[in-house]
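There are 2 protein chains.
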Amino acid sequence: MRKNVPYRVYLSENELPESWYNIRADLKNLSPYLNPQTKKPVAPDEMLAIFPEELIKQEMSDERYIPIPEEVRELYRAFRPSPLCRAHNLEKLLDTPARIYYKYEGNNPSGSHKLNTAIPQAYYNHKAGIKRLATETGAGQWGTALSVATQLFGMECTVYMVKVSSLQKPYRKLLMEAYGAKVHPSPSNLTEAGRAVLSKDPDSMGSLGIAISEAVEDAATHGDTNYALGSVLNHVILHQTIIGLEARKQMEKIDEYPDTVIACCGGGSNFGGIAFPFLYDNLKEGKKTEIIAVEPAACPTLTKGKFAYDYSDVAHLTPIVQMYTLGHGFMPPGIHAGGLRYHGDSALVSQAYHEGLIGARAVHQTDVFKAAIQFAKSELILPAPESSHAIKVAIDEALKCKETGESKSILFCLSGHGNFDLKAYEEFTSGRLEDFEYPDELLEEGFKTLPQV
Amino acid sequence: MRKNVPYRVYLSENELPESWYNIRADLKNLSPYLNPQTKKPVAPDEMLAIFPEELIKQEMSDERYIPIPEEVRELYRAFRPSPLCRAHNLEKLLDTPARIYYKYEGNNPSGSHKLNTAIPQAYYNHKAGIKRLATETGAGQWGTALSVATQLFGMECTVYMVKVSSLQKPYRKLLMEAYGAKVHPSPSNLTEAGRAVLSKDPDSMGSLGIAISEAVEDAATHGDTNYALGSVLNHVILHQTIIGLEARKQMEKIDEYPDTVIACCGGGSNFGGIAFPFLYDNLKEGKKTEIIAVEPAACPTLTKGKFAYDYSDVAHLTPIVQMYTLGHGFMPPGIHAGGLRYHGDSALVSQAYHEGLIGARAVHQTDVFKAAIQFAKSELILPAPESSHAIKVAIDEALKCKETGESKSILFCLSGHGNFDLKAYEEFTSGRLEDFEYPDELLEEGFKTLPQV
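Chains as they are written, first to last, in the numbering used here: chain R, 1148 to 1600; chain F, 1148 to 1600.
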């Protein structure tokens, strides 16, 4: 029994950070977003058709700290600060000298970190007079978060849910509907983008790229409606930095500082959220924390993708972004970590990786679920498959410490719970879960879909 | 914005209570359990076939405080102390001068308070050399809790799950299996008790009474196997008093004391758990807290049942207990609060109600879900249907305060989350949810099944 550090470290509500950290201030070589038609840098007002002015400002801002509006902080207080947990029981199970910490973001009805950005996005849109938000969702966590956040401001919410996820996770759909959202499996026949996909492939299981196209089209063609994205964009990652800012304060309270920071990485929002405040310390405060983004071997954007300009969606409605990408035509296999199944990564995460400021690892689905079960049985939280990618690498790192005898401090983001992912767990425990590895021969095909800029 | 009391009040892990409170010390007129065959008081060693000695001692003990073993406290620390929450946002929504607090027990993989007793039950059985525990589950929360707790001690777990619940909640079954349990829909053909029911009614949807019979038979006929019950028994309620003991400390921290304490009541364990420490204060410290047990109008054991000796299970394997009961032959309608669908109440809760020390209310299913949605949308936790019975009455009480202008302090137990109850929510939001009220004409029929003692 290790009594010196408690199982959970809390912050009081007064200690809730007052600003988000904007890493754009410290990543100087970012390439601009390009207009998908003209290939010229996007001007802020080109985005007004689907985003409110305040979020566009945040998207483009180079201010290092951006104040969190008091109305948003007040709503955050219903579920934040989130606990920093010491994984005493997992450490015991692994018999490791490592000190494992995780920031748990699942204690809210979205079941994940996604509510951290859904609330400010709904807030700024509401302030701008918008009545409805349209969005896509993969695993369902983001759609749930936006359903919850919009109703706090009396707004409507339309969710295009990747079809394979809506089949794997019927309860996610019901949860969004309980919070008042309209949910459509994507591709749907409600949009040009959806109909175009269905005419080529009536049985399409969908992808995030398609669902984004549908939601963007919906927003662009309705005056009272804007679009909201749950990851990838700068302002989304900005909002998520509250995770890392809180974690840093919590570690300070127990005289700790991480040697390693780990998070799963799909679009990059929980990763950037926990990692960027520590990356700031590396860049500006002389710290040397190892930062690792974890992705599925089935969708290895950072570890096998190309750093290039690409479309963010299938219908070419969104800006062209410089990022690590497998090509926007990439149709990922139906793995269970729906939130990690995007063809690219956020510009910010991509730039940091390109500059060698962070590392990346790709892991296999069955290894991830093995780690998830170890975690669930020791730490008594059933983790989301996405978050379990981070658990897998945290366990790997802790086992290395066991070999070397080092007592490293390992921090990872437990971005969400797996209560809606039981079918995936069943496949794993019954031995039916398959591993997919993205085949090298498909890489060149995907890269052929990259736009000329 | 009300800043004086935070949204959540925490205790440090050092403040975790060191003893459970045993209300048997203060309820002097309890009737003994009777042997179902001889109708004579049950001797402790008659229960050894299915329970370990330490739990039998606790069942019979008249000591007011029973120490929590350090091993159990250490495992509790993975999820306790649980937060006491101030419902600022619900208060705002209701525009009430009442101060509403809830103790949230859903932050653990059972999703409910059930883990509080599953851990000590597994612990004492493990210490006694037992290799497997058999149990029943209604809503699935208890089965999940015991699945989690047994694996902590390397034990096996067999769960007889009421058939209607296993159909309504397939994810619950998967969750138990993810934690390594074997789950059988009940009535099953694995036991005499199950086969007897199926031979009369092959389509039986089951009941807690039947599932208990199956689990008890399984335990009694296997030497390495004991039985574990998730509610009703004295030792179960004893373990759950950690809820009320923590809540009292947490309210003290903010200079509060409840005028009203509310919990839903099926067998009575979350109710007794939160209420009995406050009932002690009423009995011994001159406090005058109003204590309200809330039950479904479809299963109104306290409000319409008879205070009489009855069997706890359908096959008459368990002791006869003096309790409020609708008759053990009662076949409840398939309401969604599976955890509140038992024909009786615990002896302790029944005695307290019989002596007028606590109150009781019966509420309708649709009103309960309406309250649940109000709560989910304001407090950002999707509540279990069972817990939502307490929410309904807490809201009623808060609205009374709005009328009278009183600023009462209302505490209720939010015993679990509703992540596995989305089908019930869907029925409600789509208008398909039906109300059932237990018909008076059936009461006399149920009472005819009471044993002569």
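The hints are simulated quantities; they were obtained by calculation from the structure and are not laboratory data. Hints may be right or wrong, so weigh each one.
Each pair may be met inside one copy or between any two copies, as identical chains are not told apart.
As the list claims (entries may be wrong) - The calculated DSBU-like cross-link candidates involving lysine-lysine, where the alpha carbons are at most 35 Å apart (straight line), are:
id	residue 1	residue 2
1	Lys1396	Lys1175
2	Lys1431	Lys1595
3	Lys1274	Lys1517
4	Lys1274	Lys1451
5	Lys1549	Lys1274
6	Lys1570	Lys1524
7	Lys1570	Lys1547
8	Lys1278	Lys1517
9	Lys1524	Lys1396
10	Lys1524	Lys1435
11	Lys1274	Lys1524
12	Lys1396	Lys1239
13	Lys1187	Lys1434
14	Lys1549	Lys1329
15	Lys1186	Lys1396
16	Lys1400	Lys1186
17	Lys1547	Lys1595
(message) If the cut is 35 Å between Cα atoms, do Lys1274 and Lys1451 qualify within a copy, between copies, both or neither?
(response) Result: close neither inside a copy nor across copies, 41 Å intra and 52 Å inter.
(request) Check Lys1549 against Lys1329 for me: Cα-Cα at most 35 Å, and say if that holds within a copy, between copies, both or neither. (result) between (49 Å within a copy, 34 Å between copies)
(request) Measure nothing new, just compare the shortest in-copy and cross-copy C-alpha distances for Lys1549 and Lys1274 to 35 Å and report within, between, both or neither. (result) Between copies only: 31 Å across, 52 Å inside.
(request) Evaluate Lys1396 and Lys1239 at a C-alpha cut-off of 35 Å and name the case that applies: within, between, both or neither. (result) The answer is both: 26 Å in one copy and 31 Å across copies each meet 35 Å.
(request) Please work out whether the CA atoms of Lys1278 and Lys1517 approach to 35 Å or closer within one copy, between two copies, in both situations, or in neither? (result) Classified as between; 24 Å across copies, 44 Å inside a copy.
(request) With 35 Å as the alpha-carbon cut-off, assign the pair Lys1547 and Lys1595 to within, between, both or neither. (result) This pair counts as neither: shortest intra-copy Cα distance 39 Å, inter-copy 68 Å.
(request) Indicate which option fits the pair Lys1400, Lys1186 if close means a Cα-Cα distance not exceeding 35 Å: within, between, both or neither. (result) The answer is neither: 48 Å in one copy and 61 Å across copies each exceed 35 Å.
(message) For Lys1570 and Lys1547, with the copy left unspecified, which applies at a CA distance of at most 35 Å: within, between, both, or neither?
(response) Within. Shortest intra-copy distance 32 Å satisfies the 35 Å Cα cut-off; inter-copy 44 Å does not.
(message) If the cut is 35 Å between Cα atoms, do Lys1570 and Lys1524 qualify within a copy, between copies, both or neither?
(response) both (18 Å within a copy, 27 Å between copies)
(message) Regarding Lys1274 and Lys1517, is the shortest C-alpha distance of 35 Å or less found within a copy, between copies, in both, or in neither?
(response) between (45 Å within a copy, 29 Å between copies)
(request) At 35 Å max between alpha carbons, let me know whether Lys1524 reaches Lys1435 within a copy, between copies, both or neither. (result) For Lys1524 and Lys1435, the Cα distance is within 35 Å only inside one copy (32 Å; across copies 43 Å).
(message) At most 35 Å between CA atoms: does that hold for Lys1524 and Lys1396 within a copy, between copies, both, or neither?
(response) Both: 28 Å inside a chain and 30 Å across chains, each within 35 Å.
The structure fails hints 2, 4, 13, 15, 16 and 17 (numbered hints given earlier, in ascending order).
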